[in-house]
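Build out the structure end to end from the sequences listed, making use of the hints.
Read off the chains here:
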Amino acid sequence: MRRAAGIALWAAFLAPVALLLGWSFAWRWPWPAPLPERWQASAWTGLAATGGLGAAALRSLGIAGAVALVATSLGFVTSRSAVEARSGVALRWLLHLPFALSPVVLGVGLEYSFLRAGLAGHMVGVALAQGILAYAYAVILFCGLWNARTRAYLDGAATLGATPRQAWIRVLLPIARPLVVLCLVQTFLISWFDYALVLLIGEGRVATLTTSLYQFLLAGDLRLAAASGLILLLPPVIALAVRAQRRPPTFAGEWDL
Amino acid sequence: MTGPVSPQGLRVTGLAVRLGGRTILRDVEFTVGHRSTLAVIGASGSGKTSLLRVLAGLGDAAAGCIEVDRRRVDRLPAHRRGIVYLNQEPLLFPHLDVRANLAFGLRLRSRDAARVAAMVDPLIEALGLQGLERRDPLTLSGGERQRVAFGRALAVEPAVLLLDEPFASLDPATRLAMQALFRQVARSRGITAIFVTHDLKECLRVGDQFAAIRDGGCRLYEDRPAFCADPANGVAAEVAFWSAAADASGPD
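First to last, the sequence lines map onto chains V and R.
Per the numbering used here, residue 3 is the first one in the first sequence, and the count goes up by one each step.
Per the numbering used here, residue 5 is the first one in the second sequence, and the count goes up by one each step.
Note that these hints are calculated values from the structure, not bench results.
The C-beta atom is built at its ideal place from N, Cα and C for all residues, glycine as well.
A few chain V residues that face chain R, going by a derived Cβ cut-off under 7 angstroms, partial list only: (1) Ala154; (2) Gly163; (3) Ala164; (4) Pro176; (5) Ile177.
Pair ranges (Cβ atoms, derived): (6) R/Leu23 <-> V/Phe15: 50 to 58 angstroms; (7) R/Ala47 <-> V/Val79: 35 to 43 angstroms; (8) V/Ser89 <-> R/Ala172: 33 to 41 angstroms; (9) V/Ile240 <-> R/Leu23: 44 to 52 angstroms.
And the structure:
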């Protein structure tokens, strides 16, 4: 039974990826044939020839990288205030709000003010809009770090002679490293996979990998869409592979993720 | 502001401790002699930990003065007081091995590896940590962890060491061994310490001076007999219990 459940899970997770892979190399794949009639790499060579796609991928990478770095850094630094603030409960409720809203609703809400501020239609505007989501996620994630154990570590370091700065660098950052890595990956992916905010705030002038993929779909080119979909999957797959290589964390604390 | 000249060691005068908006300790006065251990007994929730945290600079005193070796420290941040606080739970830094944990405080002050090693190596020997130097703290037993935490505190040669029920979570045999080790190391290294416990026997084993925290105050006893003579500390009750336990009828 467990074996069957395991196989079902693997199939559910891998089947969409296998289909994308099949379509990206298919010449024709008529229903209900289990495999394409003929294989060819024209989708991939077509993608390579599509000049805009490389630029869109680089743009996605740039925006997602910036969003991840800024949101993680700010979230890490400000999360303690969110935990210790007198209005902490209200603040944490507020931080959950971007998640309660869908990116589409957030985008609609932001569009007008971004337009007035001259941020609409620019990469910076898109990154800022995604940053709201990513920052909220980062703060919520790092709130878990500020528990009694972490404070006890910092207190212990202080009485051993560590200045607040030394305690952060030599104690807090190393023990928070798994969380920081997780936050970087997750906030990167929030931006990397975003479509709605890019479309609404970017006003069609900021082309990313997700908007390009959608363009292929709208144009009815399933093979190009499949190939660009696989490119879109690369960062999370690499992140998962790197994570699988790592020694599992041994620290029996709250950050054993 | 300069206070009256106090002897070497720790001197506390007129200290008040607040917790959650309530004064839990007031008019706390005591002096811990240089190189001696003040054993403080008190029930759970009596304010023992809060007192130690205030002394260490991890909490603010509502009033009073704290002097270490004739230097007023109550307005200094924790890292400048020279007072090390040893938690009940030996919180070893999980990203460092045993040796690096021991050297933590020294490395904050010195990059000279030879100097750090010269301080750490004798501690490893004194605390019986040979062979554990490269171990991950998570692979150590409770007693071993507490010895490393103790060593890490000793390595920085604190002016005052505060021990907050450090052996409470250990099994009786390990606890006894750790108490003996503490006595031996405290004497050989001349440590000035406050050892807080709720265990009467532990209090009598580790202390040179004795105090009890109860009813929002801290009473310092003149000497060991005075401490034992106070019925509130339960020494007489303990003696009576064991006498009765030895009788055929057993204790009530």
